[in-house]
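There are 6 protein chains.
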Amino acid sequence: MRQPLSEADAARIARHKPAVGMASPRFSGVASFMRLPLIDPASAPGAIDIALLGIPFDGATTNRPGARLGPRGVREASTGTRLFNPVTGIAPYEIAACADVGDVPVNPIDAAETCRRIEAFVAPLRAAGIVPLSVGGDHLVTYPILRALGRDRPLGLIHIDAHSDTDDSQYDGTRLTHGTPFRRAVEDGVLDPRRCVQIGIRGSLDAADERDWALAQGMRVIPMEEVLVRGLPEVVAEARTLVGEAPAYLSFDIDALDPAYAPGTGTPEWGGFSSREALFLVRALRGLDLVGADVVEVAPPLDITGVTALAGATLAFEILCLLAEGVARRREAADPTP
Amino acid sequence: MRQPLSEADAARIARHKPAVGMASPRFSGVASFMRLPLIDPASAPGAIDIALLGIPFDGATTNRPGARLGPRGVREASTGTRLFNPVTGIAPYEIAACADVGDVPVNPIDAAETCRRIEAFVAPLRAAGIVPLSVGGDHLVTYPILRALGRDRPLGLIHIDAHSDTDDSQYDGTRLTHGTPFRRAVEDGVLDPRRCVQIGIRGSLDAADERDWALAQGMRVIPMEEVLVRGLPEVVAEARTLVGEAPAYLSFDIDALDPAYAPGTGTPEWGGFSSREALFLVRALRGLDLVGADVVEVAPPLDITGVTALAGATLAFEILCLLAEGVARRREAADPTP
Amino acid sequence: MRQPLSEADAARIARHKPAVGMASPRFSGVASFMRLPLIDPASAPGAIDIALLGIPFDGATTNRPGARLGPRGVREASTGTRLFNPVTGIAPYEIAACADVGDVPVNPIDAAETCRRIEAFVAPLRAAGIVPLSVGGDHLVTYPILRALGRDRPLGLIHIDAHSDTDDSQYDGTRLTHGTPFRRAVEDGVLDPRRCVQIGIRGSLDAADERDWALAQGMRVIPMEEVLVRGLPEVVAEARTLVGEAPAYLSFDIDALDPAYAPGTGTPEWGGFSSREALFLVRALRGLDLVGADVVEVAPPLDITGVTALAGATLAFEILCLLAEGVARRREAADPTP
Amino acid sequence: MRQPLSEADAARIARHKPAVGMASPRFSGVASFMRLPLIDPASAPGAIDIALLGIPFDGATTNRPGARLGPRGVREASTGTRLFNPVTGIAPYEIAACADVGDVPVNPIDAAETCRRIEAFVAPLRAAGIVPLSVGGDHLVTYPILRALGRDRPLGLIHIDAHSDTDDSQYDGTRLTHGTPFRRAVEDGVLDPRRCVQIGIRGSLDAADERDWALAQGMRVIPMEEVLVRGLPEVVAEARTLVGEAPAYLSFDIDALDPAYAPGTGTPEWGGFSSREALFLVRALRGLDLVGADVVEVAPPLDITGVTALAGATLAFEILCLLAEGVARRREAADPTP
Amino acid sequence: MRQPLSEADAARIARHKPAVGMASPRFSGVASFMRLPLIDPASAPGAIDIALLGIPFDGATTNRPGARLGPRGVREASTGTRLFNPVTGIAPYEIAACADVGDVPVNPIDAAETCRRIEAFVAPLRAAGIVPLSVGGDHLVTYPILRALGRDRPLGLIHIDAHSDTDDSQYDGTRLTHGTPFRRAVEDGVLDPRRCVQIGIRGSLDAADERDWALAQGMRVIPMEEVLVRGLPEVVAEARTLVGEAPAYLSFDIDALDPAYAPGTGTPEWGGFSSREALFLVRALRGLDLVGADVVEVAPPLDITGVTALAGATLAFEILCLLAEGVARRREAADPTP
Amino acid sequence: MRQPLSEADAARIARHKPAVGMASPRFSGVASFMRLPLIDPASAPGAIDIALLGIPFDGATTNRPGARLGPRGVREASTGTRLFNPVTGIAPYEIAACADVGDVPVNPIDAAETCRRIEAFVAPLRAAGIVPLSVGGDHLVTYPILRALGRDRPLGLIHIDAHSDTDDSQYDGTRLTHGTPFRRAVEDGVLDPRRCVQIGIRGSLDAADERDWALAQGMRVIPMEEVLVRGLPEVVAEARTLVGEAPAYLSFDIDALDPAYAPGTGTPEWGGFSSREALFLVRALRGLDLVGADVVEVAPPLDITGVTALAGATLAFEILCLLAEGVARRREAADPTP
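Chains as they are written, first to last, in the working numbering: chain P, 1 to 338; chain X, 1 to 338; chain Z, 1 to 338; chain F, 1 to 338; chain E, 1 to 338; chain H, 1 to 338.
Honestly, the hints are just simulated from the structure, not real lab data. Where hints are given, some of them may not hold.
Note: identical chains are not told apart, hence a pair may lie in one copy or across any two.
[What the hints assert, rightly or not] In silico SDA-like pairs for lysine to any residue, Cα to Cα no more than 20 Å straight-line:
| no. | residue 1 | residue 2 |
| --- | --- | --- |
| 1 | 17 | 225 |
| 2 | 17 | 333 |
| 3 | 17 | 328 |
| 4 | 17 | 287 |
| 5 | 17 | 105 |
| 6 | 17 | 38 |
| 7 | 17 | 205 |
| 8 | 17 | 43 |
| 9 | 17 | 40 |
| 10 | 17 | 83 |
| 11 | 17 | 194 |
| 12 | 17 | 119 |
| 13 | 17 | 212 |
| 14 | 17 | 226 |
| 15 | 17 | 208 |
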């Protein structure tokens, strides 16, 4: 059970509540993530616990583009999320001060430069003890985030995706693409491959190298077919065991979902997760020591019906609940008497 | 087994058949519900058993609008339904005279006045022994329908929805919104809360009041998570027991479906029912004493692919089968020898 | 020629610049109007000259809804506008401090209450000498704005629209609809009908009352056919003469445009203005004493291609240039030596 | 000036009025053409003057299909038209009894059989003195209509289109396609080629045969480029002279419009008419002795924004005004004293 | 385990590889099926084992059209498929020479003539020992394919569909429609009805004749409800037993899928298969002696989100894997020592 | 008047005809540009005069992406173009051998590398005397094309666009963006700035640098406002004079068109050219010595209605006519007696 908040924390947290639909309609006002206040963390040190940020970059996409518009699309859809989660019982805005800290200032034409800027944006958040929840953007954006968060010690990883994204390079040697982030991160020592689990991998392949490399590093790759045979509960249990209690990161590529649930993404693969499975998966990660998370590859121009942005926003809210609980857990551990 | 029809009934029913696709294509002709004849029941007393009507009102919507175009959209999609249901074996147009009786003349800007008009439209149907199957419109429209049908004795309710719609008020005291119909109906005594069952409730919440009030009245609220744990058969069995054999109403909010199956609605919630689950649910209500039903919250402007209108039309057909069987059952009970 | 700014004004204006696309991409960051800073004018007295605000209300719409999502849609599209206007030479952010002040907290179900809230939102802006540029919402929203701005002396009006919006009531006596705002405003004495000009009126009619009443009040109604015969330059010249040098308001209903240019609106009428004609029209109003303006009836759910939101955003930018110049003109008149 | 109606005509006409938007919203009720009553002319002899009918056939389309859904789409959009035309001053429902008579029962797979059915549907209308205004369907449908209407004496023709539709055959001898109706009609002697005018022809060609044949018959083909050089007024004047005072037919292929105004058609051609030009064109035909008319090739599945159906509905209303005036003119000529 | 290829086969197969995404992006180049080379089999005898062909005909559609654009849509989506199937382990382009052989030159207006052309296109493929994988087009196209392939001995059939397509005729005697192909094929003796299995049949019906006839011939019809009760594994096992080891054909109508997974088809039926079930179904057919297959009824104009074309392309790839393995099996059986 | 072709040329040209719609439907077959044969010019030296190629690269886009899918989209739409141009009388496939030579193998993530590949693709075409007509892709692709074509002597330029694309750099020094190609080309000496004309420039600006630099080089920039004042004929006459008789290039950015005509592009600007103006503009360039041309910035994911791809295809056909005539002119000049 949650411990009572200190007065200072209570006041601080109270200053960072979303606008509420019962007072002003959900479709009103500027669309920030979850209708949260917009904060520049540099000018408000100590104010927030969790930063929601956008990374509007899709310049590393090898297939259909559009994910650069993902942060805008997810922000818009996220204004439909509300204050607490009746399934898990978590009320994130009661236990953690959250804010929309804006977008990383990407260079849409330069993947390497953008990686530097992402890392430079996230590193101070980490230094300030703020947990980042990022919305992409294509999957390359996870690489510099991991560099910022895993600098001190390699992180574990829960990676939910249709694709392993552990290619070495594409197009004759291009090493920074949305198909390579986890290989780069392992090479840089910011991910501990033996604590990395990929869930939901599927689709036809051009070469086995991607998967073979991952396996050779000791990463655990759980294809969709294995999920179907063993069932999600067993798969998640294994993933939790592998990742363990040390700090870990959660990366959710929206194309892990079936195209019926997420048509608006650059590289859809048939036969993916349903909404209910995805909710189960995320909620089942409760209690892991997540130091950051992202939702990537929502591509609004390909999302005519809006269901993909809705998926991204709902998953972001569910993940936010996990992160908020982690904030509370760490706060209580540090200071057992309020 | 069905008893043979009296000659008069047979002739009457034969006059109210849908146009058949084998003769004229389904895409031809004015789009009435199910390609049924258009009838003004006032000018044809005794002619029909079941009235399909539209209620093109979304002026009580607190989120994205568009459900006022629902009756048009569902009519269009319903022209694809056919004459009998091979799963249940019900041939509704063989056992009940059905017609499209047009739309309630709503005032799109005045929710209270529209409620009065809906009640004034449905009350004479009930007085004439005609069972109404309404297509909304936002969910507020169910409130005046319940007033018209439950005037004499409070009704039971099967309510399939993502939201409880038992708020007290919104925006500083507005009491007629699409989030309040069932609270109003219980307050007015036209619903018996202990015979009300809500199935599929889910999504984040701003406040627990809505749910707490419903529970306090004795309503049975079955969240989606409970459905997933116990399974639909058990849930429906409980619902049937609670509603019992007394007259009841069936209200199907299209947002009970997952956004993959029904993107075109104002307040979609991730993690809802699939088409096959919804078909199971409705068919499992066979034999209840339904005195009316509705399908609400189909919003065609948000339904670019048309699957939501298709969902609404298919559900309306399945519900029509239940209502037709009820008509036949009551006819046979009243007059056991044809 | 513009006079140099006082140091204080220069500093103040410099604090309110839009984010620039050369530095951060236009698709990045939270979408405020024109990428301007978000300001609460109450907490920053004296800070700004022009307030861009949203009024997300379409509860007075008698046709297809969706304009409640207009502010969000126009904000998104407006992030593509830039810093200066090479045709008129106006650089609005150099001569006036502009900000996005958020949305009026509407009640989507209550037109009368929403009118009160709009008036209560705009009146303090006017009291603080801030010029409002509003984005609707349906056309009813103009009525309370006019009440707030015309309280002291009736205003002139340039009204660009397909419809006169001078109905008395609709649906048996409903007097606050998007078809009645200018009648209500004249009745309230906040518009001077002899200084009101409607341009572009067209389409079939149910009754002549709307137009006859307007003419009887002395309003000038210029149907599209007259525009075509006389040409826009002559029509605008007449409009300028009629409105004169006294304070006036500009209301641009997006359905003044042809559906090819603005399909995303509730009541499109064939045969409207092109983009180039609309640009000409707005630019030709330069020098009028505009005390406020609005762009209304952009309905994003009906705007699949996005061109209607683009139209709204471009028109808002052009109008902003006029308003900014007016601010500068008034500032210089008040204080001829900086 | 119109003569007063006889009492009988006045009563008859009064029984055939559209539902009015001021009373019930335009989006309510079953979508008949113009919200007119649905009448079976066979069962109501003498009741109506003008029949609006749908011909949902696109089985003769050589390009993208979808026009079979045209009648539904145009009916839906036509519910936005109103009672009188302020430009021409015509109030069609005051001078002619109009009704929606439903759709021709086409066979979507058999063009020859469908032609027979269309002719069999229209011939009795003509025999009853009812003027048909048809909504297609692809352009082949005009051929059997012309057979029904021109049986006694060849008709003149105003044909507004991007394509001449005077091919001999396609695909190795198929003679009934949407590219051949006017050749077939001339061959059958139901069109008088010297009184046929085609306006707006444009686009690249595979062969000159189509055009050469038309010219050889004495048809007047006015390509778009000639329209641009000479101007619409002069072109229409020539067309009126050629067609003369004898009975004529008006056929408007929606692809005469530019794709910006009518994207939803099977064979769009760049560089077509604008909405205002099309309105001018149709209105300029006032006074011709039109014995029937059609609007064809609206293809709703290709009309995502709905502007093409809006174009079709607006043109149908404008043409209806011409036809209604013709009815009144003929009535007055036959019986000069009411 | 596969036997090694002869040198000639290896060289031949190596000449028919798809373009690979790692070298040139998937969105580049002309869209052939699977990015395969375009080959005219008549001019390259002996070159290929499997022909992918399009049949762009929807002239036998009794509902919404658009399937004539199916081959283009599926080709486009198929450029996203890759080289091998990690689930089944099949690398089709390593064991069979595949090519895109273009489209059958249909006559869109003449179903009978088109049937002749399809048969004339497929017969030489069969004569040359090439296995056809066809992409429709409406379901009628299967009939002439079966005539070409089943001429010598009646084939077995796995037919995955929402509809039995065993009508006798429609619209007063039209016998070649997309609702009749399997009845025609049985009548012609090219299908052995006792080896025909239909899986997934569902939806309301106008008449029982269609199903009764199929059952009377000895066809096995497995409605969706039976699938749900017994489970797919058991159903597929029964189907395999019935079809046996003799030559069989696989026909996959995309409307077998639920509209959430395949909205873009002419006659969608609620309650269909999910993507994962469809993948299971196709993969479970491994080892049957398939002499041809098709995927039909993908209608791109109705497929705004593109998920239906993606479904069609993914299924085509999975089926191609089965066919390629069959080619290899037959090659090895014919010549056991390479 | 055209001279007769040599026998060799006639035979060669006859081998490169598009598939014709009268024989096989336009929607059938693999979609190559204009339904032309697919040719690898390296393996068929001397075969063709004009190469249509795709450049599916949008990695230099600073705004909304999607133009990488432009070649696919324009190919698809181009299958609707036919054999000759009745306005100009040009039958391109009678006077020049044309082919679709496929796409440049771009690297979507590396603008510099892609520029090298484009230049390496086009240079051999030029060396072989083949005129390239390229379809982009974003506007950066024009830069390497100009490098390949202007290597020997600087070219003149007709540049039709909303934007000058003469920025120096964006985002802190990125010099290869779709806003810089013409500055780079002038710097490299492959464009002669005094023979460069930009037509249709418009929209708000962030800085005057782009335009000032162009003017300082001696480029002629004709903003849309100047076009409106002077008229297109006068503007084109000036442009022809400036470009003169020396070799020149034509670059058509689809955003030169108004968003009503071309919504599907990354940076739409209100107030652009209509279809008829664009046709006039292109046709008025007849007789210039064009050594290459392109159509760029068609972005299919943003082109829901397809009108932008149609615009691109129609313009490509009109430009092809100009290029074909140039081929014939040069052939005749080189060898005056056939």
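Which numbered hints fail:
1, 2, 4, 11, 12, 13 and 14
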